Amino acid sequence: MCGLSVKPSPVRFNHLLLLSLVILLDSKAQQTELEWISYPPNGWEEISGLDENYTPIRTYQVCQVMEPNQNNWLRTNWIEKGNAQRIFVELKFTLRDCNSLPGVVGTCKETFNLYYQETDSEVGRSLRENQYVKIDTIAADESFTQGDLGERKMKLNTEVRIIGPLSRRGFYLAFQDVGACIALVSVKVYYKKCWSIIENLATFPDTVTGSEFSSLVEVEGMCVSDAEEEAENSPKMHCSAEGEWLVPIGKCICKAGFHQKGDACEPCGRGFYKSSSQDLQCSRCPAHSFNDREGSWRCDCEDGYYRALSDPPSVACTRPPSAPQNLVYNINQTTVSLEWSPPADTGGRNDVTYRVICRRCSWEPEECVPCGPNVGYSPAQSGLVDTYVTILDLLAHANYTFEVEAVNGVSDLSRTQRLFAAVSIATGQAAPSQVSEVIKEKVQQRSIQLSWQEPHQPNGVITEYEIKYYEKDRIYSTVRSKSTSATVNNLKPSTAYVFQIRAFTEAGYGTYGPRLEITTKEEATAAIVSSEQNPVIIIAVVAVAGTIILVFMVFVCACQLAFLSLTGLHIFKFPGTKTYIDPETYEDPNRAVHQFAKELDASCIKIERVIGAGEFGEVCSGRLKLPGKRDVSVAIKTLKVGYTEKQRRDFLCEASIMGQFDHPNVVHLEGVVTRGKPVMIVIEYMENGSLDGFLRKHDGQFTVIQLVGMLRGIAAGMRYLSDMGYVHRDLAARNILVNSNLVCKVSDFGLSRVIDDDPEAVYTTTGGKIPVRWTAPEAIQYRKFTSASDVWSYGIVMWEVMSYGERPYWDMSNQDVIKAIEEGYRLPAPMDCPPGLHQLMLDCWQKDRAERPKFDQIVGILDKMIRNPNTLKTPVGTCTRPISPLLDQSTPDFTAFCTVGEWLEAIKMERYRDNFTAAGYSSLESVARMSIEDVMSLGITLVGHQKKIMSSIQTMRKQNFSGAVPRT
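Just so you know, the sequence shown maps onto residues -29 to -1, 1 to 939 in mature numbering (1 follows the signal peptide of the UniProt record, and there is no 0).
Some clues are possibly wrong.
[Unchecked claim] Derived CB-CB ranges, DEER-like:
| id | residue 1 | residue 2 | range |
| --- | --- | --- | --- |
| 1 | ARG667 | CYS869 | 34 to 44 Å |
| 2 | THR449 | PRO350 | 48 to 58 Å |
| 3 | SER185 | MET37 | 43 to 53 Å |
| 4 | LYS648 | ILE328 | 28 to 38 Å |
| 5 | VAL414 | LYS439 | 10 to 20 Å |
Bear in mind the hints are in silico, worked out from the structure with no lab data behind them.
As the structure is a prediction and not an experimental result, all values here were calculated from the model.
Built from N, CA and C at the ideal position, the CB exists for glycine as well.
Just need the whole structure built from these sequences, with the hints factored in.
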C-alpha cells in the first residue's frame, strides 16, 4: 500500500499571487468524507491520513499493480466555475517506484491520467469515460520505495495543470489509474482574479483574468464619490493573467470644493475653498471673504467688499477707491487742463483708472446739462491711467463744472455713493471753430472759385477768412477774403490742388477745416492730342511693360539657378508630397538649423532630471513653457561641454532633419537652443522610452492585435518618411519610442552613430558603421541605402516586437549573420507569432530589393489584419518566393524516431549527441521531460541552439509523446 505520511518540504509562494486566487475546491479543507465517485468500487479508496504538516486530511489511494490492464476511475463532485475561463488544478500525490515492488514487471505503471468534463449542471453519479477530455498524463518527479516507507520520508509531488477556456457553468475532474501505486494527497482547483482596488481615485472592480496566458483585460475605472475624470483621459487598468493590476492609464481628480485624502475626496472645511478640480489642496478664504459651509468652491465677500467678474476666487475681495485728491485746473480761453493726485485709498486693487464728467451750466444755480459730443478730451474722457486731461472746444463765455472720479474693477458693483473731485470754471473769448462746408463753384484751366458757410461757432465777429492752397507735396500759398467766397487765380492746367480755409476774429485764427482736393481743367490743344493718340499710347505702354516683365523673369530664374549651382543645394521632387532636403547640402549648417527648427529661449526650458546619455551629451527630461501656452513635458538632448565645431554641426544635424517632419508616428521636434549654453535639442517626451526595453519589461503582457497595432504605427511613420524621400538607415526597436498611450514613433535621425556600447552592434566598412543585424545585404556590401533597405530593417523590427525585444540572431557574430543571410537563411517565427506576420517578415527580407513590399503595402496588410484577425492565421504576404528560415520550421513527427541520435540529426543538432549520452538521456521519453535548465546543464551555451532544442521538445509534448511532462 502507499504511505500517506510524508516528509514536509518547504514551498514558497508569492504573497500577491496568493491574494489573486479564488479557490473552487480544496480537498484538504474538507474534514468529512469527500464521497467522490469511484469506478470500479475496488479501485480508488477514500481513507484518512496526515498531510506534510501532520494535519488530518481525506485522501484517495489505489495500488492495483499485481493485475494487468487496470482502468480505475475517480471523479470529483460537480465544480461550479463562476466567471472564470482559465482553471488551475493543483495535485499533490505520492507514487511508489515499480522497481521496489517484486513480481510486477509489465503490469506496474508510474503515471496516471487527468481528465475533465464540462456541464451546465450536475449529471448524477454515473461515469462514462467517453464524455471526458484528457488534460494530461501526470508523472511523478520522485517516487518512494519500501525503505522510504519505513523511514516515513516519502517525498510529495506537486503538479499544476491548466484547463481552458471553459464555456459552461461547471465541470468535473476525473483521475484514471492504469496500474500505479499512488496516493492522491490533495486536489486544489482555483482560478485567478484581480481583486477590486482604488487607484488614482478610481475604483476598479473584481476582474477575472483572461483566457490566454498573455492576455491583459482592460478595465474601466469608476471615480470615487466627489471625484471626476481627468480631461480626455479616463482611468483604465489592465488585469494580467497572474491576477495583478498593470499599465494604469488616466486618473480621477477631486471636484471643486473637495480635496484628496487617501483614496477618497473630502469636502473643504469651513473657511476654506477649492475653486477647480485641477487644484490639489483646499485654500483658506482670501482677505475680506468668508464661507460657513463645507465643500465650497469659492468664498463670499464681506459687506462693502466685492469681487469683479474677471477676478479668480483666489483674489481677495476689494472695494471702490476713494475720490482723487488735489484737483487743480488751468484755463486758456475755451481750453481747460485738469490735474489731480491719486486717491488715498485704492480699495485694495491696482487697476484704478479715472473718468471725467463735463456739465455746462446756466447762470442760474443747479441748472446744468451734459456737455455733449462737440467737446473733445485729450487723451480720453474715461479709462485714464495718468492723472491729467485736457478738455477742448468749449464754448466761449460759458460756465462749466468738471467732476473727476477714480474707478476700479468693482466700482460698478458697489451700491454706495460714488466719490469724486469737482471744479467749476467760466471760459473766456475763443477763436472761431472750423469752416467745414466748402463748395467748388467754378473750375477753369487756371482758376478755381470756392464758397463756404460761416463756422458753426464763430465765437465773435469774423473779420476775414484765410484760404490755404498747394499742389501735393509742394509749398503752400494763401489768399484772404472778407466774405464767404473767393477765386484763386494763377493756377496750372491739369493740376490737382488741395484747399483748406480758416476764420479770424479778435481772439485769433481758428483751426483749418478739412482738406478739399480739386483738379484744374486741361488746355484745349492738349485734350485733342490726347483724344486722338490715346489708343496708340496704351498699346505702346503695354508692349513695353510686357517686355520688361519677361526680361525680369528670365533674369530671376537665371539668378536662382546660379545660386543653386554655387551652393550645391539639390532638391528632389516627389509628386503630391513635401520634399525632404538634406541639411548636408547647405554650406552653412546654422542656416539649415534655423530654416527647419524653431529657436527657443533657454529660460522657457526647465531641466528636471537626467534620463540617459547620448553620443554628444546627456539626455534629460523637463518642461517647456512657451508664452501663451501650457507647459508640456519634453526630452532634452544637450551638447557636452568642450565640443568641437564638427560635433556641434553633427549634433544639430538631427534637428535640421526632424524639423522637416510632421506626423503622429514620427517624434516631434519642439525646437533648439543654439544661442546659449548648453546647446539643446528639445523633442516631445515619450514616457515609456525605447520600444525594445518597453517590450522586455512587459514580456508576454500584450495581445497579438495590440502588437500588430504598434507595428502599424511604425509602418505608418516610415511610409510618411519614405514619401518625403528620406531614408532612415538605422530603423530598429531601440530607435522607436513609446508614449503613455502605447503610440510608437520613429526617432533617432542622427544617421551614422555609435549604437550602445556593444562592439558587435555595428560592422565597419568604408564610409562609416552599419548596424549589421538590422541592415539589408545590399547596404552592407555596397552601402546602397534606399527605402527598400529600410523595409528590410522594418522586418527585423517586426521580429523584435513579436519576440518581446529579443536580440536578432541571438549571440551569433556579425560575420556569421552576414554569411547566413547570403546563404538564404532567415530568422524563424518567434514563439506564438501568427503565420501571417512571419510571412510578412519574410517578404521584407527578400534578397532582391525590388521584390520587397513598399511601406504603403505594409500598412494596408496590417490594417487588414487588425480589421480581420483571422488573416493572422494565413500568410497574406506580398511575395511568393520561398525563403529558408534560419532555423528549420518544419514540424517532424517525433513518434517516428527511435533514438535520441535520430532526433538530434533531424533538427540538425547532432553535434550535441555526446552531451546527451554522457548525461544519461538515452530515450526520447527522458528527453521529453527536459526543462531549459536541463538543456543548459549539458553545456549548450548558444541561446539560439537552446531555443531550437526546447522548441523541438515542446513539439514532442504536443504530440503526447508517452505522456511526457516537463519538470517544474
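When the hints from earlier in the document are held up against this structure, which numbers fail? Hints 2 and 4 are the ones this structure does not satisfy, whereas the remaining hints hold.
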